[in-house]
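Student: Based on the sequences and whatever the hints tell you, model everything.
Under the numbering used here, the residue at position 51 of the sequence shown is numbered 58, and the numbers go up by one with no gaps.
Careful, some of the hints might be misleading.
As the list claims (entries may be wrong) - Across the chosen pairs, the derived CB separations fall in these ranges:
#1 175 with 239: 32 to 40 Å
#2 176 with 154: 28 to 36 Å
#3 178 with 154: 26 to 34 Å
#4 157 with 202: 15 to 23 Å
It is worth saying that the hints were derived from the structure and are not from the lab. Note that CB positions come from ideal geometry on N, CA and C, so glycine has one too.
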Amino acid sequence: MTSPSPPPGWHPDPGEPGLIRYWDGNQWTEHTQPATEPTAEESAPTGAAEPGRPARAGVPRAVKIVGGVVAAFVVIGVLGAVFGDDESSDDSQAAAQSTTSSAAAQETSTPAPSTTTPPATTTVPPTTTTTTTSAVAVVPPAPATYTSDPRCAPANQSLVDLVSSGFSESGMTLTNGTVIDAGDYTFIGGTTLDATGGVENRSDVWVVANGTVYSSTGGARNTTSWPRASSELDVSPGDPDVQAVDACVVDLTR
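Tutor: Quick look at the structure:
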């Protein structure tokens, strides 16, 4: 006759004195713990056999220790799986965040394409400047103004050349030619220049009568070979007309 099964709970281990084992109402479980005090009312059932499990009277202690170690590894494995999943999830989230941050950084650091349009370059053709040289009109010199005697007038070039042909030295010239026409005589004066262009005499006077030249003043007698007017014409250097022409030439040299 089968003994009634005890209620579920901790009962003295029938195979290991000093331990209590949990009875789930149908069979003995693997959960054991040291017995603190002997419990008379929690005596293990003696007649009930666990389904599929032999009586525990002959289970060695070594087997129980191995079973406890295995159970501990099982618990550790379960805990590792639970917390490992959490850590893996955290690592995955961290990796995802890192990837997102890297992608964001790459997107941020990528420079936007330049929208600046280069300034238009305008090529200015070279300007050609044409310089037109206009002919400058040569203004003839103003006629000589004689303040000493209004009868004085510029001598024509042919008369100047005639007087100059009597210079005793080569290269001498006559400038500032001035004349007074006194009827039978023409009084001509001028400035004598030497061969270098320097002034030899400031004013000299000659007298022309019938196409012949006569020297009157001292400078005219010294620089030309013409006969003397005082000897041939009885016209002295102090003649008023000689003095008048001489003064007009001096006016031109001031």
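Student: It remains to establish, for every hint, whether it holds in the given structure.
Tutor: Taking the hints in turn, this is what the structure says about them:
no.: 1; hint: 175 with 239: 32 to 40 Å; result: 18 Å, violated
no.: 2; hint: 176 with 154: 28 to 36 Å; result: 32 Å, holds
no.: 3; hint: 178 with 154: 26 to 34 Å; result: 32 Å, holds
no.: 4; hint: 157 with 202: 15 to 23 Å; result: 35 Å, violated
The structure fails hints 1, 4 (numbered hints given earlier, in ascending order).
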